[in-house]
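Chemist: Quick note on numbering: the numbering used here labels position 43 of the sequence shown as 43, and the sequence is numbered without any gaps.
Hints listed in this document are in silico derivations from the structure and should not be mistaken for laboratory results. Quick caveat: nothing in here was measured; it's all calculated off a predicted structure. C-beta: ideal position from N, C-alpha, C; glycine also. Heads up, some of the hints might be wrong.
Claimed, not checked - Derived DEER-like restraints, expressed as beta-carbon distance ranges:
| id | residue 1 | residue 2 | range |
| --- | --- | --- | --- |
| 1 | 422 | 315 | 46 to 54 Å |
| 2 | 429 | 190 | 48 to 56 Å |
| 3 | 312 | 283 | 19 to 27 Å |
| 4 | 192 | 285 | 27 to 35 Å |
| 5 | 438 | 283 | 46 to 54 Å |
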Amino acid sequence: MKATTLLVTLALLTSGALPAQAAAADDDAHVEGRLPSGATYLMDIPAAWNGTVLLYSHGYTAADWPNPAQNAPDAKTRDTLLDQGYALIGSSYATTGWAVTDAVPDQLATLDLFTRRFGTARRTLAWGTSYGGFVTTVLAERHADRFDGSLSLCGLLQGGIANWNNTLDPVFALKTLLAPGKDIPLTGFTGSVQAQAAARALGAEVTAAQQSPTGRARTALAAALQHIPGYNDPAQPEPAPADWDTQQANQYAAVTALVQFPAFAWRQEAEHRAGGNPSWNTGVDYTAMLRRSPLYKEVTELYKSAGRSLAADLAVLNRAPRISADREAVRWMRDTSVLTGRLADPQLTVHTTGDALIPVSAESAYRRAAAAAGSGSRLAQAYVDAPGHCTFTPGETVAAVHTLEDRLATGRWSTDPGALNARAREADATTPEPRYVRYRPAAHPRPYDLAHPGDARH
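All chains should be built: construct the whole structure from the sequences, respecting the hints.
Modeler: See the structure below:
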């Protein structure tokens, strides 16, 4: 961007002095400020604005993490899109954690400020990564009049109840099989201190279990319940298809991270917002769930190598006392965080195949919801064959933006991997070979959407 920077204060941006017409800028504009909610926002508008504004929703930010405003997933993607004439805007959200009730109004307020300062865009697109992909989809479903289309990248598209239900499953299996006599709460935390203590206690059991074949097989079973892939980080060795030991070692790293963050600390924050525990495993048949998992073969082979009965462990799981949800917390999560699948405008979703934080089967959950809502033709899904969460190259990300724009211009989706890879090469010839592939994810282990609320009991 050019050197000219506009640092506009809150007083100016909320006054009536801002022009309603689009600004005719000679230089690129960089605008920062603070919303009445306390959230900060960030806007970058190129001098040669093409008329399209991209409202970016960032991913999950834990309570003790920095929370700056963001308007793109990374610097290179930002610069590429600005060079192509897109205006980029986004906010920090007023709070951290499971902040959908703050994120949605803060994002809309940021869009309002942009419109007041620069005029109504020719086209407005919502986009976001990870938890921000979920926020993007809430915006697309509930505020369709504000957007022309949306793009969810590695999004939490299973929604809140399915997310917390399926986050419960692996730690329930770990506690039941690795620490049956230990008092380790999995839900209903009195506060962050109790949640952190529970995470440390279960984490120690997982670490100890990794030293034995039986313990490793049981950790693989827990990972399989959440579809945690056996190659989920670019820094990991890529295992051969039948290299069960390397796959399990890779899963162990992801399970350790699950215990450290989402299953306890992040859950406690969400429970605090919801006013109780919004998840349950009453009525769940873990034998059937495992058999539907794409990792079933790995688990059976590891149990065989350990000389342990998988059927016996599954029987223990299915006999174990279950966890019930708090009805008011379920109601809060359903009202704020469950997706409907109802899309008035086109949405493209993109996911890496080796995602451990939000496994790729989240895409199946949203495809199911959209089909039930009659929005199947408006939804397109694409997949990047890569390990890790949101590990897209800038070229792959920009290709997704262009694919959504092409759908808006032509009325047809062009999501063939060849077309996507060609767009990615064109967008950024300096990055590695693009990796879009044909892929069909497994069904989500425990989907929950407003079209199928009876699929899970609590």
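Chemist: CB of residue 312 to CB of residue 283, is that within 19 to 27 Å?
Modeler: holds, 22 Å
Chemist: With respect to the beta-carbon atoms only, verify the hint that residue 422 and residue 315 lie 46 to 54 Å apart.
Modeler: Taking Cβ atoms as reference, residue 422 and residue 315 lie about 52 Å apart, which means the hint holds.
Chemist: CB of residue 438 to CB of residue 283, is that within 46 to 54 Å?
Modeler: violated, 35 Å
Chemist: Quick check: does the Cβ-Cβ distance between residue 192 and residue 285 fall within 27 to 35 Å?
Modeler: Given range 27 to 35 Å: holds, Cβ gap about 33 Å.
Chemist: Given the hint of 48 to 56 Å, check if residue 429 and residue 190 actually sit that far apart at their C-beta atoms.
Modeler: holds, 55 Å
Violation of the numbered hints given earlier is confined to hint 5; every other hint is satisfied by the structure.
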